[in-house]
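Undergrad: Spelled out from the first residue to the last, the chains are:
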Amino acid sequence: MANKLLEVKNLKQHFGSAGNPIKAVDGISFDIYEGETLGLVGESGCGKSTTGRSIIRLYDITDGQVIFKGKNIHASKSKKELKEFNREMQMIFQDPYASLNPRMTAGEIIGEGFDIHGLYNNKKERRERIAELLEAVGLNREHANRYAHEFSGGQRQRIGIARALSLNPSFIIADEPISALDVSIQAQVVNLLKKLQRERNLTYLFIAHDLSMVKYISDRIAVMYRGKIVELGKSDEIYNNPIHPYTKSLLSAVPLPDPLTERVRQRIPYSHEEIDVGKLREVLPSHFVYGTEDQVKKWTK
Amino acid sequence: MKKKLLEVNDLRVNFKTYAGIVQAVRGVSFELYEGETLAIVGESGSGKSVTSNAIMKLIPQPPGLYAGGEIILDGKNLIPLTEKQMSKVRGNDIAMIFQDPMTALNPTMRVGRQITEVILKHQKISASEAKERAIKLLDLVGIPMPEKRFKQFPHEFSGGMRQRVVIAIALAADPKLLIADEPTTALDVTIQAQILELMKDIQKKRGTSIIFITHDLGVVANVADRVAVMYAGQIVEYGTVNDIFYNPKHPYTWGLLGSMPDLKNNVKEELRTIPGSPPDLIHPPKGDAFAPRNEYAMAIDYEEEPPMFQVSDTHFAKTWLLHPDAPQIEIPESISRRIEGYLKEAQGNG
Numbered sequence: 001m002a003n004k005l006l007e008v009k010n011l012k013q014h015f016g017s018a019g020n021p022i023k024a025v026d027g028i029s030f031d032i033y034e035g036e037t038l039g040l041v042g043e044s045g046c047g048k049s050t051t052g053r054s055i056i057r058l059y060d061i062t063d064g065q066v067i068f069k070g071k072n073i074h075a076s077k078s079k080k081e082l083k084e085f086n087r088e089m090q091m092i093f094q095d096p097y098a099s100l101n102p103r104m105t106a107g108e109i110i111g112e113g114f115d116i117h118g119l120y121n122n123k124k125e126r127r128e129r130i131a132e133l134l135e136a137v138g139l140n141r142e143h144a145n146r147y148a149h150e151f152s153g154g155q156r157q158r159i160g161i162a163r164a165l166s167l168n169p170s171f172i173i174a175d176e177p178i179s180a181l182d183v184s185i186q187a188q189v190v191n192l193l194k195k196l197q198r199e200r201n202l203t204y205l206f207i208a209h210d211l212s213m214v215k216y217i218s219d220r221i222a223v224m225y226r227g228k229i230v231e232l233g234k235s236d237e238i239y240n241n242p243i244h245p246y247t248k249s250l251l252s253a254v255p256l257p258d259p260l261t262e263r264v265r266q267r268i269p270y271s272h273e274e275i276d277v278g279k280l281r282e283v284l285p286s287h288f289v290y291g292t293e294d295q296v297k298k299w300t301k
Numbered sequence: 001m002k003k004k005l006l007e008v009n010d011l012r013v014n015f016k017t018y019a020g021i022v023q024a025v026r027g028v029s030f031e032l033y034e035g036e037t038l039a040i041v042g043e044s045g046s047g048k049s050v051t052s053n054a055i056m057k058l059i060p061q062p063p064g065l066y067a068g069g070e071i072i073l074d075g076k077n078l079i080p081l082t083e084k085q086m087s088k089v090r091g092n093d094i095a096m097i098f099q100d101p102m103t104a105l106n107p108t109m110r111v112g113r114q115i116t117e118v119i120l121k122h123q124k125i126s127a128s129e130a131k132e133r134a135i136k137l138l139d140l141v142g143i144p145m146p147e148k149r150f151k152q153f154p155h156e157f158s159g160g161m162r163q164r165v166v167i168a169i170a171l172a173a174d175p176k177l178l179i180a181d182e183p184t185t186a187l188d189v190t191i192q193a194q195i196l197e198l199m200k201d202i203q204k205k206r207g208t209s210i211i212f213i214t215h216d217l218g219v220v221a222n223v224a225d226r227v228a229v230m231y232a233g234q235i236v237e238y239g240t241v242n243d244i245f246y247n248p249k250h251p252y253t254w255g256l257l258g259s260m261p262d263l264k265n266n267v268k269e270e271l272r273t274i275p276g277s278p279p280d281l282i283h284p285p286k287g288d289a290f291a292p293r294n295e296y297a298m299a300i301d302y303e304e305e306p307p308m309f310q311v312s313d314t315h316f317a318k319t320w321l322l323h324p325d326a327p328q329i330e331i332p333e334s335i336s337r338r339i340e341g342y343l344k345e346a347q348g349n350g
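Chains as they are written, first to last, in UniProt numbering: chain A, 1 to 301; chain B, 1 to 350.
Possibly wrong hints are sitting among the right ones.
Pair ranges (Cβ atoms, derived) [unchecked claim]:
id, chain 1, residue 1, chain 2, residue 2, range
1, A, GLU125, B, PRO275, 26 to 34 Å
2, B, MET109, A, SER271, 31 to 39 Å
3, B, GLY341, A, GLU125, 34 to 42 Å
4, B, GLY341, A, ALA2, 38 to 46 Å
5, A, LYS79, B, GLU345, 27 to 35 Å
6, A, ARG103, B, GLU156, 38 to 46 Å
7, A, ASN241, B, SER126, 37 to 45 Å
Hints are computed from structural coordinates only; laboratory data are not their basis.
Just so it is clear, CB atoms sit at the ideal spot from N, CA and C, and this is done for glycine as well.
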C-alpha cells in the first residue's frame, strides 16, 4: 500500500455567524495516498470546492486537521514552513479566463512562483525552465511572450497547469479543471493530466461534478452531499456497486452516449433524511458509506 | 408520414468584425417534423447557437447578416419578414429556452407576471383568465404550490425551478416549435435529468417539435429522435439518433464519441482526442474544414469540399471517406468496441 500523503480529519468549514453558521463542510475525513487520484464529486453547493480550498489554506478552517506529509498544515505558522508547503501543494482552477492575469504574459504567469520562492534567478535558466514547462503541457516556448487573451480556453487551462507545475509540487488540487472546456478539449486536458501524473508521480485531488470524467480519471471517488462525504471507495466499486441512496440517485441521472440505454433510463429520486449520529462505515473492504448502523444495514441488504 | 414543420435550406449567416467577415453558418440545411426532437451538437464556435438564433431571427443586423438561404416555417419563409411580423411569430409559433435561467428572467418582476405578459401579448383574453392559465402552466412544468409561486420573484427559486419557469414562459402561447439552447448545461445532473424528463413529457402531451442545442452527447442520446452534428458552420453528419451513435460515419463524430470516457465497458485506455482546434471562420479552409484535424484526411480533402453522401434513407455524412473511390477506413477500434458493448447489452435487456 502506498504512503498516505494527505490526511483530512474531521474537517469543518463553517461560514457566516457563529449562531447560525452555514456548514459548507461538516466534519469530513479521508486520506489521499501517494500517486493516486481521488475524485471528489457532488452537486453545486455540496462543499466539494470548499473542501479543496480549505485543504490548500485559502480558508482558515473552523475545526479539524489537515495533515500533509505528517505535518498539520493548519497549525504551522512560520513563513518558511508555509512557503515550503506552498511549493508542495498547488491548485488548478475551473475558469481558465478568470484565473490568469490579463496583464501578464504566459511566461510571467508561469514564472511568478520563481520570484516568490527565489528560484532560477539566472535569466537564461529561468527562460529555459519556463520553456520546459510550456512544452510539458503541450504548448511551445514561443508562447511565453503572449498574453492570456491570445490563447483559447484549452490553451489557457494548459497555462494554468504549467503554473501549478512550476514549483515541482507533489500534490495538485484540480477544482473543476475541465468543466469550462469543450468535449474534445476536455479529453486533451484529461490525457495531459494523466501523462503528467505518470511522469512526475503527482497526486491529485480531482474535484468535479461530471461523474463520467471523474470515474475515468480517479482511482478512488468520494461522493459529497450537504457538506458530508456520503460514500467513498474505489471508482469501479462506487460506479458499479453504489450503496448510499444519494450515490445511486446521482448515478442514475448521468446520461450516457447510448440511445438504447437512455430510452429506458429510470431516474432514482433521492429524499434526504436528516440524521445526527451518522458516520462513515466500512461496508466492504475500503468501501465506506455514511449513515446510521440501521440505515447502512438496510442499504446493504 | 409526419408533417414537416420547419425546413432550413442552405442557411448562411455572416458577422462583420474588425478582423473581417466571419462566416458563422455556411450553408446549413435540415428539416424538422411535427412532434420530434432534433438535437444539434457541436463545440463552441461550430455555429449551433447562431443557427438557432437565426431561426428566431435574433441575429442583430448589423453586425450580422443573413447571407443566403431560407427558413420555412409552416410553408412561410421567415427571412424576409419584418421585425414587426417576426414578433408575432416569436412566442406564438416559436419559443426559445436559454442556457442561463437567471439571466433569462427579469429579476424585478414577479414570476407570474412574466408568464401572463406573454399570454396577454399573443391572446385576447382577460387578465384573470391569463392568471389561471399561468398557474396551470406552472403546474404543468412541475412547480409545487403554483398559486403561491405565482407571486414570487425569480430569486426565490432554485436553478432548476427557474429553468422550469423559463419553460413555462416559453410554453405560454402554445408554440409549435421550441428551441432549447443548452437548457441544462448550467444545471446539476440530477436537476438536468428532471428537466429533460419534463421536456419529453410536455412534448408527448402537446406534440411540440423541439430543436435541442447541446454539446453533451449523453443528453443527445437521451432526448433526440434525430441528430445534426455541426462543425465549422456546417452540418457534417445528420441522421437518426441510432445512426449517429451506433453507425457514425464522419471522423469528427468519431472524435466526439471517442473524447468521452467509456464508462460501461470499463476501459481505462487513453481518451481519443481531436488534435488541434477549430478553424478560423474568417478564412474558412479550402476543401473540407475538418481536414487539418482529421487523421484520415486525403489529398482531395484539402482541395474540394465534400458533398453530403447518403448512407441510408435517414443518414447523411459530409466526408470524402464515403466516396466509392476512397480507401476503406474502418471506424476506430476503441469506438466500435464500445458500440458493440452497448448493442450487446441492449439485446441482453431484451
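Undergrad: Now, for every hint given, state plainly whether the structure supports it.
TA: Structure-based check of all given hints:
1. A:GLU125 with B:PRO275: 26 to 34 Å: Holds - the Cβ-Cβ distance for GLU125 of chain A and PRO275 of chain B, about 32 Å, lies within 26 to 34 Å.
2. B:MET109 with A:SER271: 31 to 39 Å: holds (33 Å)
3. B:GLY341 with A:GLU125: 34 to 42 Å: 51 Å Cβ-Cβ, so the 34 to 42 Å window is violated.
4. B:GLY341 with A:ALA2: 38 to 46 Å: violated (32 Å)
5. A:LYS79 with B:GLU345: 27 to 35 Å: Violated, at about 58 Å.
6. A:ARG103 with B:GLU156: 38 to 46 Å: holds (40 Å)
7. A:ASN241 with B:SER126: 37 to 45 Å: Since the Cβ atoms of ASN241 of chain A and SER126 of chain B sit about 58 Å apart, the hinted range of 37 to 45 Å is violated.
Of the numbered hints listed earlier, those contradicted by the structure are 3, 4, 5 and 7.
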